[in-house]
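2 protein chains.
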Amino acid sequence: MEELMEPVRTLIDFKKGVVNPDRIIERRASDMQGMYSDDLALEKLLSQDNPLIYQVREINIPKKSGHIIYSTTIIYPGKVGKEYFMTKGHFHTREDTAEIYFCLEGEGYLLMQTKQGKVSTIHMRPGVLGYIPPYWGHRTINTGKKEFIFLALFPGDAGHNYEVVEKHGFAQIMIEENGKPILKDNPKYTPVSG
Amino acid sequence: MEELMEPVRTLIDFKKGVVNPDRIIERRASDMQGMYSDDLALEKLLSQDNPLIYQVREINIPKKSGHIIYSTTIIYPGKVGKEYFMTKGHFHTREDTAEIYFCLEGEGYLLMQTKQGKVSTIHMRPGVLGYIPPYWGHRTINTGKKEFIFLALFPGDAGHNYEVVEKHGFAQIMIEENGKPILKDNPKYTPVSG
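The listed protein sequences correspond, in order, to chains A and B.
In this text, residue positions in the first sequence follow the working numbering: the first is 1307, and each later residue adds one.
In this text, residue positions in the second sequence follow the working numbering: the first is 1307, and each later residue adds one.
Extracted from the complex, chain A is given alone in its bound form (with noise of 0.2 Å):
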């Protein structure tokens, strides 16, 4: 047998995340260059000020198969241009792997999409988990007025693609019009091939 580990508490305010990370990851409006439909936009923010996106609250866990890795995400509101702040997005390595977001506060959508095209969404609140299932691309976008907090969970040996994200884009982006999210075709997007 390998080495034991122990067991591990984690605390999770529901209004603020995991309380005592291990990793904090911070994606600021810097990090999200080309990943918006409006440049001019992101350009324009990003001459005034450089603002926090979302923060990614991390805990320790083997990055093997048989574990879970856990995290919890806060994506601020805001938007750049008629776009609403959103996380990079990705695909797993382990194509064949699943992935779970849990809703504990404020409001959002969970965009998911294979690599073949296909789009689906969840409407996220408290309480909603989504379950994002194998060979399905997901990114999580906040539409409401305050911060939107979940609970990631994820296989061990699942890995991150950002790739496929930053080179195509997602077929469909959020955007805000007369008040109100709606998804739209993503005039960046390329298929991918394949």
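Everything hinted at is true.
When chains are identical, the list treats them as one kind, so a pair holds in a single copy or across two.
Think about it this way: if two alpha-carbon atoms lie no more than 30 Å apart in a straight line, the pair counts; the simulated BS3-like pairs of lysine-lysine are:
| # | residue 1 | residue 2 |
| --- | --- | --- |
| 1 | K1350 | K1490 |
| 2 | K1369 | K1421 |
| 3 | K1321 | K1388 |
| 4 | K1452 | K1322 |
| 5 | K1350 | K1388 |
| 6 | K1394 | K1322 |
| 7 | K1321 | K1451 |
| 8 | K1385 | K1321 |
| 9 | K1490 | K1424 |
| 10 | K1369 | K1424 |
Derived from the structure by calculation, the hints contain no laboratory data.
In this text the structure is predicted, and so the values were computed from the model without any measurement.
Dock chain B against chain A, hints included.
Chain B alone, transformed into the frame defined by chain A:
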């Protein structure tokens, strides 16, 4: 590629558990024979009534590697003799798999044990996430006055092994003494050889 699974949206009421489960499993006092240290107390309870000890509300997720199966459990408040209402407890068939319990409501204990008899506990209250690493058997115990509710998540290929607990018991039990929960050696426990 195997057949593509569609995303799943599950609503979880923090005070009741999964709202529209695919399956509900109920364990009554009569399902727990031999599990409590005080057989006479269970017999006496069953001569009057057959109370519900706990209820699991499950969602259908493929029992395959790469998936994460989730459910909520409600353990009702109560005791069999001095011993608090609890789940049967189990090990995983694939022993190198973890499990996560995330407390939504009430309070209690997560009792863990290796096959070598090493014991560990985590006090659960809303917001506490207990990480049960690979190789640790686990049981939950309601030591509070109201329903103890938690979200459970484990790898799709973990599998359940109830036999070890049924045959050997846990090394320790949680009983009420002077109005407080304390951990005591289980007189019925027999070590797992090997």
